[in-house]
Amino acid sequence: EIVLTQSPTTMAASPGEKVTITCRASSSVSYMHWFQQKSGTSPKPWIYDTSKLASGVPDRFSGSGSGTSYSLTISSMEAEDAATYYCLQRSSYPFTFGSGTKLEIK
Amino acid sequence: EVQLKESGPGLVQPSQTLSLTCTVSGFSLTDYSVHWVRQPPGKGLEWMGVMWSGGSTAYNSALKSRLSISRDTSKSQVFLKMNSLQTEDTAIYYCTRSDYWGQGVMVTVSS
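Just so you know, the protein sequences line up as chains V and H, in that order. Counting with this note's numbering, you get residues 1 to 106 for the letters of the first sequence. Counting with this note's numbering, you get residues 107 to 217 for the letters of the second sequence.
These are computed hints drawn from the structure, not numbers from a lab. It is possible that part of the hints are untrue.
[To be verified] For lysine-lysine, the following BS3-like pairs were computed, each having C-alpha atoms within a straight-line distance of at most 30 Å: (1) H:Lys111 / V:Lys52; (2) H:Lys181 / V:Lys102; (3) H:Lys111 / H:Lys181; (4) H:Lys111 / V:Lys44.
Chain V extracted, bound-state conformation (with noise of 0.2 Å):
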């Protein structure tokens, strides 16, 4: 089973600050997907395929990586992005998760 670690576990930005969020892969993966759950609602596929954004995602988010370390960047945080960002894995099975990072404002 690929284990993904990410970090931090949590944070706090200020508006306008730059945000990266790291995940690790135990083994190399060919992409890393990534979903924001804010509280009481369902994830949202975020970006996948390790750069590209989903539908509707602002474009102060990036996502870039490879092999085993993949990272998730907000060029300028926003009230709005708080929330627990989680990657994912898909190369292989068992499909993988990583523990999340709550992201809160300042």
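Fit chain H to the supplied structure of chain V, relying on the hints for placement.
Leaving out everything else, chain H in the frame of chain V:
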């Protein structure tokens, strides 16, 4: 419009079997795969398994001995059955097409 909706009992007794239905609309099950994902209260997401568009399935090995996923394409429904439930199976259960998610159904395992 693409929609997925989970349905099933909110309460299951320990050692019993959970049966959930995911009813989809706006797409065909023969064109898209449907996954089941669960989330214990206050915790992260766990991938459970998938019904591929071609009709084959794959399961999380941690659940494989207890889990079964099937479908009825004529009714646009995907089914999850999991036996020998324990309290740690208490969670919100989601069905998802990956790009679309259901609202989830809360399942509590308790006597």
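Each hint, compared with the structure:
1. Only pairs whose Cα atoms come within 30 Å are accepted, and lysine 111 (chain H) paired with lysine 52 (chain V) is accepted, the gap being roughly 26 Å.
2. A distance of roughly 38 Å separates the Cα atoms of lysine 181 (chain H) and lysine 102 (chain V); the hinted pair therefore is violated under the 30 Å criterion.
3. Pair hint lysine 111 (chain H) plus lysine 181 (chain H) holds up; C-alpha atoms about 13 Å apart against a cutoff of 30 Å.
4. For the suggested pair lysine 111 (chain H) and lysine 44 (chain V), the alpha carbons sit about 15 Å apart, so the restraint of at most 30 Å is met.
Hint compliance for this structure: hint 2 alone is broken.
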